[in-house]
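K.L.:
Below are the chains, spelled out letter by letter.
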Amino acid sequence: DGGITQSPKYLFRKEGQNVTLSCEQNLNHDAMYWYRQDPGQGLRLIYYSQIVNDFQKGDIAEGYSVSREKKESFPLTVTSAQKNPTAFYLCASSIMGSTDTQYFGPGTRLTVL
Amino acid sequence: GQQVMQIPQYQHVQEGEDFTTYCNSSTTLSNIQWYKQRPGGHPVFLIQLVKSGEVKKQKRLTFQFGEAKKNSSLHITATQTTDVGTYFCAGHSSGAGSYQLTFGKGTKLSVIP
Numbered sequence: 002d003g004g005i006t007q008s009p010k011y012l013f014r015k016e017g018q019n020v021t022l023s024c025e026q027n028l029n030h031d032a033m034y035w036y037r038q039d040p041g042q043g044l045r046l047i048y049y050s051q052i053v054n055d056f057q058k059g060d061i062a063e064g065y066s067v068s069r070e071k072k073e074s075f076p077l078t079v080t081s082a083q084k085n086p087t088a089f090y091l092c093a094s095s096i097m098g099s100t101d102t103q104y105f106g107p108g109t110r111l112t113v114l
Numbered sequence: 004g005q006q007v008m009q010i011p012q013y014q015h016v017q018e019g020e021d022f023t024t025y026c027n028s029s030t031t032l033s034n035i036q037w038y039k040q041r042p043g044g045h046p047v048f049l050i051q052l053v054k055s056g057e058v059k060k061q062k063r064l065t066f067q068f069g070e071a072k073k074n075s076s077l078h079i080t081a082t083q084t085t086d087v088g089t090y091f092c093a094g095h096s097s098g099a100g101s102y103q104l105t106f107g108k109g110t111k112l113s114v115i116p
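Protein chains in written order, with this note's numbering: chain A, 2 to 114; chain B, 4 to 116.
Think of the hints as simulated: they come from the structure by calculation, not from any bench.
Backbone N, C-alpha and C define an ideal beta-carbon position, used for all residues, glycine too.
Some hints could be false.
A short list of chain A residues far from chain B (calculated; beta carbon distances all over 10 Å) [stated by the list, open to error]:
hint: 1; residue: Gln18
hint: 2; residue: Thr21
hint: 3; residue: Gln42
hint: 4; residue: Leu44
hint: 5; residue: Arg45
hint: 6; residue: Ser66
hint: 7; residue: Ser68
hint: 8; residue: Lys71
hint: 9; residue: Lys72
hint: 10; residue: Glu73
hint: 11; residue: Thr80
hint: 12; residue: Thr87
hint: 13; residue: Leu91
hint: 14; residue: Thr102
hint: 15; residue: Gln103
Calculated lysine-lysine pairs in the BS3-like style (CA-CA distance at most 25 Å, straight line) [as the list claims (entries may be wrong)]:
hint: 16; chain 1: A; residue 1: Lys10; chain 2: B; residue 2: Lys60
hint: 17; chain 1: A; residue 1: Lys10; chain 2: B; residue 2: Lys39
hint: 18; chain 1: A; residue 1: Lys10; chain 2: B; residue 2: Lys73
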């Protein structure tokens, strides 16, 4: 069964703690993306990666970090520097190229207490 | 940077009425994609438009791409309760090497049975 998995679905953390969100895909896609969704804000791009060991900042990268050591995996770390981390985080992947469809994972809802 | 505006933000319709959401970009797009997100779910790809003036249909859904490739619309005929969700447009700019999709803020559709 091909697709994108994100875990966990719900995550609670105390303020000041770093937290890493998992994203795995078995679609053999080259490109992967992280988005943040807030009510009424649509999807905003945090980071994207077109190839292993390379990634680029999106529109709201401050307070976040990523790694792309394997083609299948693109974990996102929400650091304590992120001022307002409570949000719904979506991971996506695409084959490659500027016209490709993006396939989304089920998302992780992060709440920082 | 590129901006994609989407209106209206919310739309409440009686079941059986038509619905339209509009998308406008500040820059010329190489293509535009439409996604649907059901309540509590993740965005799911609906369609991609590439050509100037293109019109595509999926059953009761009609998608249009403007002649100048800066605007698009999604029209649903005779809405059903299964159409409930948030509809997002997302555009790729025409710049070389552009791998970013810029999402509109979405139109949240409610259908009253």
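K.L.:
Return the numbers of the hints above that this structure violates; sort them in rising order.
P.N.:
3, 4, 5, 13, 14, 15, 16, 18
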